[in-house]
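All chains should be modelled from the sequences, with the hints used to inform the complete structure.
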Amino acid sequence: MGIHKVGEYEIAIKFIGVQSRMAVWEYLIKKDGQYLASSEYHPTSELDERKALLEIALDGLFYMGEQMDTLEKRYSKTSVPYYH
2 MGIHKVGEYE IAIKFIGVQS RMAVWEYLIK KDGQYLASSE YHPTSELDER
52 KALLEIALDG LFYMGEQMDT LEKRYSKTSV PYYH
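The sequence shown stops at residue 85 when you use this note's numbering, and every number in between is there.
There could be a bad hint or two in this list.
Claimed, not checked - Quick list of in silico lysine-lysine cross-link-like pairs, BS3-like style, CA-CA up to 30 Å: (1) K32 / K74; (2) K15 / K31; (3) K31 / K6; (4) K32 / K15; (5) K52 / K31; (6) K31 / K74; (7) K52 / K15; (8) K6 / K52; (9) K32 / K6; (10) K52 / K32.
These are computed hints drawn from the structure, not numbers from a lab. Keep in mind it's a predicted model, so treat the numbers as computed, not measured.
So, in structure tokens, the structure goes:
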């Protein structure tokens, strides 16, 4: 298990095991003490923690961007996506 600082985010990841030829990780993403995203079961193609961290960070931040875009569309007439 490791806690890593990626920019302004803290990402904690823990190796769970291997299933169907994929490494399975648990993760939690936090910014300024606020929890933003987590998963108890996140399969990746990476067994190496540092490489898995990058994949998890990208997936987690992309997911958060999608959620923010969904909220923006729901509550605003003029919406601009947070991700491109």
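Would you mind confirming whether the straight-line C-alpha gap from K52 to K31 stays at or under 30 Å? The hint holds at about 19 Å.
Pair hint outcome, K31 versus K74 [Cα-Cα no greater than 30 Å]: holds (24 Å)
Could you grab the alpha-carbon distance between K32 and K15 and see if it respects the 30 Å cut-off? Holds, at roughly 18 Å.
Does K31 pair with K6 here, judged by a C-alpha cut-off of 30 Å? holds (10 Å)
Does K15 pair with K31 here, judged by a C-alpha cut-off of 30 Å? holds (15 Å)
Take a quick look at whether K32 and K74 sit within 30 Å of each other, Cα to Cα. holds (23 Å)
Is it true that the CA of K32 sits at most 30 Å from the CA of K6? Roughly 10 Å separates the two Cα atoms, so the pair holds.
Measure nothing beyond the straight line between the CA atoms of K52 and K32; if it is 30 Å or shorter, mark the hint as holding. holds (21 Å)
Are K6 and K52 close enough, with their CA atoms no more than 30 Å apart? Given pair K6, K52 holds - Cα atoms ~14 Å apart, limit 30 Å.
For the pair we were handed, K52 and K15, check the Cα-Cα distance against 30 Å. holds (13 Å)
Checked against the numbered hints given earlier, this structure breaks none of them.
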